[in-house]
Amino acid sequence: MKNKNAISSNQLIFFTVASQVGVGIIFLPAQLAEIAGHDGWISVLIAGILFSFFILIVAAFMNRYKKKSIVEINRLLYGTYLGSIINVCLAAYTIIFSAAILRMMVEAMQLMGLKYTPRIVLTVFLIIPSIYTINGGLKVICRYLHITVFIGVILAIYIVLILGRIRPTYLMPLGEAGAKSIFNGVWTSIFAFLGIELIPFIYCEVNDKNHVVKKVLIGNLISIIIYISVVISTTGLFGEEMIKNLQIPLLSLARVCYSNIFERLDLYFVTTWVMAMGCVLRCYLFSGYYGAINAFNIKTRKWVVALIIIVLVCVISLEPREFIYLKERTKALGWIGFSVIVFYIFSYILSFINKRGVSR
Amino acid sequence: METQESSSKELKLSTNIKDNMNYINSMFNNCPDIIRKKVIIADSKEGYFIYPKALINIDVLQRDFIKPILAMSLEELYDDDLVNKLSLSEAGYRYELNTIVSEITDGNIVFIFDGSNKAISYNLRTFESRPITEPVVEKNNRGPHEGFVETLDINISILRRKIKNHRLKFRNMKVGAASNNQVAIGYIEGIANPKLIDDLYEKIISIDTDGLISLGPLEQLMKDNQYSPFPLYIATERPDKVMAGLFEGQLVILLDGSPVVLLAPVSFFAFFQALDDYTSNWLFGTFSRIMRLVAGVIAVFLPAIYIMITSYHYYVVPLNLLIPLAESRAKVPFPPIVEALLMEFTIEMIRESAVRLPTYIGGSVGIVGGLVIGQAAVQAQLVSSLFVIIVAVTAIASYLIPSHDMGTALRVIRFVLMILAAGFGICGVTFFISLLFAHLVKMESLGQPYFQPMVPTKLKELKDTIIRVPTIFLKQRPDIAKPLDRIRGKNK
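Chain order of the listed sequences is C and X.
Numbering (the numbering used here) for the first sequence: 1 to 360.
Numbering (the numbering used here) for the second sequence: 361 to 852.
Calculated from the structure, these hints are not laboratory results.
Take these hints with a grain of salt, some might be off.
Claimed, not checked - Stretch by stretch, here's where chain X covers chain C in the computed footprint (C-beta under 8 Å, at least three residues):
1. 109-120
2. 124-130
3. 139-145
4. 250-264
5. 273-281
Idealized CB from N, CA, C, for every residue including glycine.
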């Protein structure tokens with residue numbers, strides 16, 4: 001029987017880009033303008049390079065256990081009880097993160113004209129394609145993530161359309177914000193690069209493990225390029241002062257685009273971005289589901305677990321009353337996500353002391 | 361029930377003719393078309409020629425089979441080398457009663473006689489078949505004008521005539537507990553992947569059904585994703601198309617009684633390709649392919665975009681177009697979805713009636729339909745004039761798809777999209793695109809990803825997908841059928 005979760009390392013590039021870019025990019029330019037002014041892109045670059053090191057460490061950690069998922073590794077490293085608690089926490093994190101993404105998608109839909117449609121309807125409506133994809137396993141998810149190429153092309157077209165209106169003087173002089181501000185910007189940017197904490201969940205399903213590091217690094221590099229392009233183009237277009245007042249600079253970028261044939265190009269852009277967020281949702285939702293069935297060692301009736309997770313995600317996503325609360329939650333999740341990566345680094349160090357299950 | 365159980369066992373022929381005939385008679389009870397001709401052979405022993413009356417050539421039977429048998433001595437008849445002494449090309453010994461019964465129903469003549477525990481089976485099938493003509497639904501400009509017919513043997517001979525190579529093989533099997541339909545898998549040894557052949561063989565042999573009325577049910581029973589509207593096998597009547605498929609390592613499924621054959625494995629994009637893409641200049645081929653793919657997108661999305669814009673997002677229409685659009689919609693009493701469903705449903709009814717009716721009436725249906733849609737509906741202010749253009753363009757676009765199955769699939773999903781666009785505007789369209797894409801990447805044709813070479817991306821394969829590069833650059837066979845020999849030609 002075919003393993004429907006087996007993927008190639010090439011597919012990992014799509015997984016990395018899709019899990020990193022879809023959500024982090026939404027608020028990043030405004031947050032960076034607040035902290036690092038027009039030098040935000042330098043912070044992004046530094047954060048991206050920093051994340052490349054994290055990737056190397058996480059990959060080295062996973063490589064010590066080869067065919068084991070993070071769930072099994074935690075049990076080996078921390079014992080059955082503590083390991084299980086950690087696993088449940090990790091699954092809970094991915095589920096809560098999924099809920100936040102789903103809510104963002106609902107907000108985007110409401111922005112597109114469905115103001116009066118109940119949120120619950122939109123929530124169910126938006127999660128259906130993700131359920132369908134996840135049902136096909138990791139292989140289908142990674143195939144689906146090829147859509148990021150199309151999304152990338154759309155983003156590039158929008159940037160090209162406003163290219164002539166970018167003022168290089170808005171980005172000058174370089175480094176004016178100062179080292180401290182740029183360093184603070186790195187902290188903010190780090191949250192945008194989250195997504196690689198999911199790699200240990202699926203690492204055991206990658207066929208050619210020798211290429212994992214290279215492919216994840218390529219994915220990370222693509223994410224860096226996308227982030228820098230967006231930050232530079234939005235800052236260069238609006239200027240750092242104006243961008244601070246924009247709720248979602250990426251959407252504003254699409255709003256100023258103009259074409260002779262089509263009007264209101266932002267509508268198509270939001271549509272495309274909902275799909276990008278859908279990609280992130282699939283990555284987190286699958287990791288949550290996969291983590292949960294492994295954490296509880298479920299072999300049969302996996303659909304019950306899937307159903308519980310879907311209901312949980314839907315309910316949690318409906319909880320924040322206003323967009324501002326959602327923004328706060330995303331920030332908190334960013335910290336948790338970063339803590340997960342720190343936890344992986346700690347586990348890596350621990351794996352040299354407790355060598356149970358380490359591949360020779 | 362009892363008969364089924366007994367037929368499933370291997371029943372050996374007895375040396376007693378009465379026992380054998382009792383069994384055969386019980387099997388062919390109430391079968392007046394099955395002749396059981398009794399003869400007295402040498403030494404006054406009984407013998408029987410059993411055959412289906414309408415399926416054989418009586419003259420040849422009497423001249424080449426009955427007459428020499430009657431002239432033989434008993435010693436000659438019992439000789440183990442008897443079949444080689446008769447001037448029969450396709451004769452052989454059979455030792456099981458159930459095999460004999462099965463061969464008689466296939467159209468063979470069986471001879472059994474007293475004292476022998478073996479039967480002689482001779483293939484003398486000569487039944488009427490349709491002449492080879494050009495397929496009605498698959499026309500082309502520069503390719504050959506012959507099509508498959510209903511007879512399996514003739515279809516195999518057509519392929520054999522085109523591919524004069526001993527490596528062209530056919531694997532036969534029977535499907536259908538009641539009908540025993542003969543099915544053959546054709547492939548070129550050394551190019552086709554043996555694993556795929558085995559997979560397909562297992563898939564077909566495991567089908568449990570009474571019988572196959574045509575290739576459609578076989579296709580549906582073989583399909584992994586039963587609920588998908590998209591075809592997973594290319595159905596064609598064209599031997600040249602099959603030939604091209606075989607050269608790419610694909611497998612062909614032939615069913616006795618069907619002029620349509622199936623090709624597998626195939627990708628989604630194969631349904632937008634036609635033989636003329638290869639018989640004409642590469643530039644024209646590329647242009648035609650791009651046109652068909654754009655037509656596919658139009659066929660699915662255009663009415664939904666109209667509904668979406670007129671219902672929710674009128675602000676995306678440029679001002680110069682918005683005014684005439686508003687004017688044309690102003691007098692229409694229905695919401696856009698009702699207007700769209702009314703027109704699209706009418707178009708589908710016209711199409712269906714044109715298919716069912718004879719050609720000379722079908723033409724007049726087209727005229728009536730054209731008048732109703734083009735003129736009367738607008739004058740009666742049932743629909744806007746702009747939407748008539750949209751309906752017409754959509755209809756033409758959907759007929760541009762070379763595969764009937766794919767064309768139908770696109771037309772059906774269009775209705776789903778229209779309803780979603782009416783309910784949720786661009787959000788509904790986004791939802792649909794997302795679900796459609798997920799569905800397409802999830803599907804597999806004979807275990808191979810359906811949406812390749814786009815997903816999973818195979819850059820080298822793209823040269824013969826949306827575009828068609830000059831033939832000189834098509835040296836490699838496509839990867840979808842996982843051919844054993846990747847390079848076309850002698851590999852020099």
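Under a C-beta cut-off of less than 8 Å, do 3 or more residues of the region 273-281 of chain C approach chain X closely enough to confirm the stated coverage?
Holds: 3 residues of the region 273-281 of chain C have a Cβ under 8 Å from chain X.
Examine the region 250-264 of chain C for residues whose CB is less than 8 Å from any CB of chain X, and state whether their number is three or more.
holds (count 5)
Counting residues of the region 139-145 of chain C that have a beta-carbon nearer than 8 Å to any beta-carbon of chain X, does the count reach 3?
With 3 residues in contact (Cβ-Cβ under 8 Å with chain X), the coverage given for the region 139-145 of chain C holds.
Assertion that chain X covers the region 124-130 of chain C - criterion: three or more residues, beta-carbon distance below 8 Å
holds (count 4)
Whether chain X covers the region 109-120 of chain C (at least 3 residues having a Cβ closer than 8 Å to its Cβ atoms):
Held - the region 109-120 of chain C has 5 residues with a Cβ nearer than 8 Å to chain X, which meets the minimum of three.
Consistency with the previously given hints is maintained throughout, with no hint failing.
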